[in-house]
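Asks: Protein chains in written order, with numbering that gives the first Met the number 0: chain A, 0 to 380; chain B, 0 to 338.
Everything labelled a hint here was simulated from the structure, so no lab data went into it. Keep in mind that the hints are not guaranteed to be accurate.
Unchecked claim - According to the in silico footprint, chain A covers these stretches of chain B (three or more CB under 8 angstroms from chain A):
#1 22-32
#2 169-179
#3 225-237
#4 282-293
Claimed, not checked - Here are the simulated SDA-like pairs of lysine to any residue, each with C-alpha atoms no more than 25 angstroms apart in a straight line:
#5 A:293 <-> A:7
#6 B:157 <-> B:131
#7 A:177 <-> B:22
#8 A:10 <-> A:209
#9 B:33 <-> A:187
#10 A:131 <-> A:162
#11 B:33 <-> A:143
#12 B:33 <-> B:136
#13 A:113 <-> B:122
#14 B:106 <-> A:143
#15 B:157 <-> A:52
#16 A:288 <-> A:352
#17 A:113 <-> A:83
#18 B:147 <-> B:157
#19 A:113 <-> B:200
#20 A:53 <-> A:329
#21 A:53 <-> B:89
#22 A:83 <-> B:33
#23 A:288 <-> B:284
Even glycine gets a Cβ: it sits at the ideal position worked out from N, Cα and C.
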Amino acid sequence: MIDRMIDFYSKQITEHPFVILTALLVSAMIIATGATNIENVSQNNEDFLPDTVKSVEAFDVIGAEFGQGGGGSTYTVMFETSPKYPDSNEIRDVRDPELLTYIETVSSDIESMKEVVSVNSAADLVDNPSTKREASNQLQGSGQASSYISDDYSFTIMRISSTDLSSDEANELATRIKTSVERNDQPAGIETGYTGQPFINQAFQAESQSTQGQTSLLSIIGVFVVVIFLFRSITYGFTSLSALIFGILTGIGVFGWLGLNLSPATSGSISMGMGIAIDFGIQTVSRYKDERKKLDVQKALSEMISGVLRPMSIALVASIIGFTALSFGRITFLSSLGTILTLTTLFAYIGALTLIPVLLVIYDRYLDKYIPDNLYKNILR
Amino acid sequence: MTVLLATGLPDIQLETDFQSSLPDDLPPIQTQEKVESEFRSSSAIIILFQTNEEKLEESFVTDVRDPELIRTQMALKDELEEESIVGEVRSTASLFEEVPESKARVKRVVERTGQGDQLFNRDYTATQMFVTLEEEMNEENIREANRKIRENLDQTPKQPGIDITITGNPVIRTDIGDILVSDSVTTISIASLLILTLLTATRGRVYGPITFLPLFIGLIWTLGTMGIAQIPLTIATIALGAMILGLGVEYGSFITERVLEEKERQGGIEDGLREAVPTTGLAILGSSMTTVVGFSALLIASISFIRDLGLTLSIGIILTLTSALVLTPSLILEYERWT
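With the sequences and hints as input, model every part of the structure.
Replies: If you want it as structure tokens, here you go:
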């Protein structure tokens, strides 16, 4: 029964390769559009654990009820003296009234933002000082100067607490805080630094996005080079790679259609998917090459599919078992990682049994005379 | 070799500080380090006091401005400040020298300081106590502080109607650490059981376990290597065990299938092995090489835990392949000779 189905399938591929190729490419493109729904989201420590964990539950209460510290949205702006020219009027001590006035202006600006609960800085501890000496006395008198000013008076901080915000809102507020600091005229000789969880999350997101791009590119180049060496053929190397590309594009597309997102913790998943998915392409192409030595195109295709179907199916089921086991963990992103790897592996399996046979037939029937199999050897020669 | 590498298992370290995986030269990280070197870490352990609505009785505290709750906080603060690991303890109680006589007094004092938003929620059913550490906020110190806080909480007289929970980023980090370990054990156990069942169903009750055993040994080698090479168990490498089992199974599976095929064809196990191992070995070597190359791309990542993931997965694939190539034929041979 299965043999007859494989024969019928091989016959269809051999007789209508371009129709099947078009259908496959169109469906792959439609599915792949789902990838546009994927967002790279930031993650805090508490996002890794389910809400049922007591400490996370309490942390959520703090975020909702107090909207600071616990909620994770605490922003810190650092103002540091960095004079560039000797004997200039640049600020060399953060107790300078000009800087304190500037901080007061920025502080009021940020405080007016509706998501901001409180803004605390050294400017709160002084009352319009006209000289550095007066500012120093007022700061000393407050008893709280050491909470905002460094021992050597080279830098001072402003702490901003916000209400409980989603990661997008926290990111947006971080950008607005930066804009507010930069649009007010900064005194000469002052440099600004930003930290706190939302600023770190922004940096994390940017890093993970660039990491994802670089590692995916390197991964595909590396895998391509290895398969070319394995098959000693650029054409067969590319053909085996096609299942991987098909698997990654459609797998990521379905991931997007499911409404799932990537995070820093899953940013390596595309490279991992590539490493796993290429196996199916190698198995099908190498088996076809073996069979083609003694059989015609349709028969070789039929023998190839029946030969690889069982071991590839077992390998697919075993991989999916491994990835599905990840969903049994309590760490939240593990199920997303399991899903993305399951999808890319499953679609690479489908690609290996659909796209690769079609490409092999097209190459064998129509392109072989223009692009010989020994092109690789010719290039090396 | 298994015994030697297994000695590394207890040395596997936990790394739960998500932030520490970022490159040090990122501006927000540099600023954070500078700020924390001068001022105490803003990340405090938080003790949350909440009124318990479910078990409401006459004597229960229903408002966190209740002087009896301040008494509890004062006692706890005094006890905690005795501990060498604790730096500063801050709560409503810090605003009073003595237990205030009434709720109205608490209200007045807190209003005067302007800290009401930070200390109480809107309906006065929750208040928080912040505990910062004298020492660095590393895994060991956080666990120690957490233990001391729990011990002191147990000894402090508590008011009926108040639920007390310890939380904050440092506590969540230790919880992540505990769950990382338990999740690793759970996912490895479930994957092992399911893969063993699959192999037994497809290869029979002898060749199924014979194919599975080298895979599991390869996993022990990988985890042992992590311990010896001090590659930590992180939020990213937690998936390693289940993934290695899922990916490594095909190596042993192909070898077993091919050896048994050749045994039938050649008429004997030794000839079958001689024929099957070199050809299949070469084929799976090629396919594992592409997998390792795919994973190795992660080594260029700027985020350290993604690099660790690429490294451990590559090591895992190489070791499970080695184990499958060496152990699977040996086990089949021993079994065939024995029967």
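Asks: Would the pair residue 10 of chain A and residue 209 of chain A pass a check requiring their Cα atoms to be no farther apart than 25 angstroms?
Replies: violated (45 angstroms)
Asks: What's the verdict on residue 113 of chain A and residue 83 of chain A, does the C-alpha distance respect the 25 angstroms limit or exceed it?
Replies: violated (37 angstroms)
Asks: Does residue 52 of chain A sit within 25 angstroms of residue 157 of chain B, going by the straight-line distance between their CA atoms?
Replies: holds (23 angstroms)
Asks: Under the criterion that the straight-line Cα-Cα distance not exceed 25 angstroms, is the pair residue 33 of chain B, residue 143 of chain A satisfied?
Replies: holds (19 angstroms)
Asks: Taking 8 angstroms as the Cβ threshold, is the statement that the segment 22-32 of chain B is covered by chain A upheld or broken by the three-residue rule?
Replies: Since 8 is at least three, the answer is holds.
Asks: Between residue 106 of chain B and residue 143 of chain A, does the CA-CA distance stay at or below 25 angstroms?
Replies: holds (23 angstroms)
Asks: Take the C-alpha atoms of residue 83 of chain A and residue 33 of chain B, compute the straight-line distance between them, and say whether it is at most 25 angstroms.
Replies: Holds - the C-alpha atoms of residue 33 of chain B and residue 83 of chain A are around 20 angstroms apart, at most 25 angstroms.
Asks: Against the 25 angstroms threshold, does the CA-CA distance of residue 177 of chain A and residue 22 of chain B hold or violate the hint?
Replies: Between residue 177 of chain A and residue 22 of chain B the Cα gap is close to 22 angstroms, so the pair holds against 25 angstroms.
Asks: Does residue 131 of chain A pair with residue 162 of chain A here, judged by a C-alpha cut-off of 25 angstroms?
Replies: Judged against 25 angstroms, a Cα distance of about 35 angstroms means the pair is violated.
Asks: Go check the segment 225-237 of chain B versus chain A for me, would you? Three or more residues, Cβ under 8 angstroms, otherwise it fails.
Replies: holds (count 3)
Asks: With a cut-off of 25 angstroms on the C-alpha distance, tell me whether residue 157 of chain B and residue 131 of chain B pass.
Replies: holds (22 angstroms)
Asks: Regarding the pair residue 33 of chain B and residue 187 of chain A, is the alpha-carbon distance no greater than 25 angstroms?
Replies: This hinted pair holds, its Cα atoms lying about 21 angstroms apart.
Violation of the numbered hints given earlier is confined to hints 8, 10, 17, 19; the remaining hints are satisfied by the structure.
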